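2 protein chains.
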Amino acid sequence: MPTMSDPETTAATAAEIAAEWMRAGSILILTHERPDGDAVGSALGTAEFLRGCGKRADALFPEMLPKRYTGFARAARFEPLSPQMCATYDLILVLDCANPARIATGGMTLHDLEPASCRVLNVDHHRGNTVPGAVNFVDSTAAAASLLTFEIARLTGEKIPQEAATLWYLGITTDTGSFRFANTTPRVLFAAAELLKLGAEQEKVVNAVYFSKPRNQQLFEAELVEKFLKVTDDGKIAYAVLPEEFPVRHGFDMRDSEGVIDLLREIDGTIIAVLAYQRGGEFKFSFRSKERSFPVGPLARRLGGGGHEMAAGATMLLPDAAAAEEFILNNVPGVLQIESEK
Amino acid sequence: MPTMSDPETTAATAAEIAAEWMRAGSILILTHERPDGDAVGSALGTAEFLRGCGKRADALFPEMLPKRYTGFARAARFEPLSPQMCATYDLILVLDCANPARIATGGMTLHDLEPASCRVLNVDHHRGNTVPGAVNFVDSTAAAASLLTFEIARLTGEKIPQEAATLWYLGITTDTGSFRFANTTPRVLFAAAELLKLGAEQEKVVNAVYFSKPRNQQLFEAELVEKFLKVTDDGKIAYAVLPEEFPVRHGFDMRDSEGVIDLLREIDGTIIAVLAYQRGGEFKFSFRSKERSFPVGPLARRLGGGGHEMAAGATMLLPDAAAAEEFILNNVPGVLQIESEK
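These protein sequence lines map, in sequence, to chains A and B.
Be aware that the first sequence starts at 48, since it is given in my numbering, and climbs by one per residue.
Be aware that the second sequence starts at 48, since it is given in my numbering, and climbs by one per residue.
Check the hints yourself; a few may be wrong.
Where chains are identical, the list cannot tell them apart; a pair therefore holds if satisfied intra-copy or between any two copies.
As the list claims (entries may be wrong) - Below 27 Å or equal to it, Euclidean Cα-Cα: the simulated DSS-like pairs (lysine-lysine) are:
(1) 283 <-> 331
(2) 251 <-> 277
(3) 331 <-> 206
(4) 331 <-> 274
(5) 251 <-> 283
(6) 277 <-> 331
Read the hints as simulated data drawn from the structure, not as lab findings.
Since the model is a prediction, treat every value here as computed from it, not as a measurement.
If we strip away everything but chain A, and leave its shape as in the complex, we get (with noise of 0.2 Å):
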């Protein structure tokens, strides 16, 4: 059996991955770092249905979930990991991942687990995915690993039990910003039906993701909007960057801030939103955008980030507050001139 750090790699269909999942009776699921409603999602909707399908499954969650996951998490374990822990699983999945450095194992990589003899089955949805499974299933034109890891569950026949369909539609309306995102197919619409149809509690999802808002953040993303948020002359550009006060004054976690870059984005004429918040002495970018032919992608791969085409971040060393600004000024822009320049 291939060990993890097996240079061989394939580029697995999803009835493969179906089949892998099929044939292991024991598998443990990871996900990237500071986990999203996809990685959410996707670790414990697929964990709940290979827990359905008779087998020992759990979702791997070293750090602690944002609160309005917390009531989705019974296919959880909440520690780090271990060589002896990865010894009693088959197969390990990783979801949602595409950097091997950013795989939450609460200190663990990859490369340290070499001497366990357990495989490893990478799912994911990211462009430039290197994390190194022996099997590599990676569609990159899925808006959610949650839409995957559904799509592979219905290929094996089993029965898909609620509290996977409620996971999966969880992790499909995150990523896609409820429906809002321009990852938003025919695909994922039909998926969202078919698990609604499937028993997904909707309620329950979209109460704890869209209307679950700690008056704490209300408040903090109420001054964000009168302090912070400005707009470039142009009006194409909407930013905001953030010293690590702000959010402390208002007992806001940032680990929860998913979501907010949506007051940047939603102003009536930007095309391209950024936010930036200081962390120590590095600031994490996040950056959006609202039109195809302007991507994000290529400038968070250029500061070693990473996302998706219209969705992506990266985490730069700067000094202070002003230096942020400089160089959101300083290098946005030019995200908007390369289309025209094609």
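Got chain A sorted already, so can you dock chain B onto it with the hints?
Here is chain B on its own, set in the frame of chain A:
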């Protein structure tokens, strides 16, 4: 041919409505006052579809449309209704309007039109619809009038042009809060998927509806959240009472306030949201519920208003903001008690 005041109304089927559409050579479409996305989408989408079938079809908007919808109004007539105008159409199709007094005509009532020998079709998704059509098709299980009109169009077997698909998609996404509200059923998601397959311009719709917020609206909303939004001590009711000067000071037109109530609904733990704003000597109330067991429709109807079970509204004569707040605190908690008394 029955006239508008013909007391004999029939509960028609979707297929009968489709047949009526196909028989008519010219159709004028009316919808409700202060048109929202579904009024706009169903009226203009149906007009585009009927034009594609070679008919003369127009959607009438005596009022200005909210700015975000103006880019979709190719099939609109912007003028008041007159008997002379009616006489030039075979059919008047009233869409998405439950109450004859709220049909947007620019002054007239259906009764004023009595001499015009033109047939009125009433197609809607609001419970308790009292529009006196010669033929009436009301399906309150449908999330949107745009969904109903799309379904009727499909029954004709005629080609659905891209423009119609875009407009029906617009209506469905707005009436379901981008597929977040409790009315988001498999039927809704399947229809939305099919509309995308028919070429509905998702990016155009989404950018117009969700990502075209004027900066002054953002600042209006930020101040609303900071200064006007209150939550009852038990955490279950979020409300805001807006005096007339407040939107005026931000240059914000309350006709564009569709969606503003989501600022109240989104708060963690709340079940009911109430937004009230002053206009002249009265207050307009919007009610939203997040849980099917606590509908707000009955309260709105008791106040002489209407809407759906989970999203409803009413208008009240009240002297000032203090009276409106008192009204809320005296009446809205009852919505939550009803259930516990059952």
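Comparing the hints with the structure gives:
With identical chains, the CA atoms of residue 283 and residue 331 are at most 27 Å apart within one copy only, with a shortest distance of 21 Å there and 35 Å across copies. Taking the closest pair of Cα atoms, residue 251 and residue 277 come within 27 Å of each other only across two copies (24 Å); inside a single copy the shortest separation is 35 Å, beyond that limit. Taking the shortest Cα distances, residue 331 and residue 206 never come within 27 Å of each other, neither inside one copy (41 Å) nor across copies (49 Å). In the homo-oligomer, the alpha carbons of residue 331 and residue 274 lie at most 27 Å apart inside one protomer (19 Å), although the nearest pairing across protomers, at 31 Å, exceeds that limit.
For the identical chains of this complex, residue 251 and residue 283 are inter-copy neighbours only, at 16 Å across copies versus 36 Å inside a copy, given an alpha-carbon limit of 27 Å. With identical chains, the CA atoms of residue 277 and residue 331 are at most 27 Å apart within one copy only, with a shortest distance of 17 Å there and 33 Å across copies.
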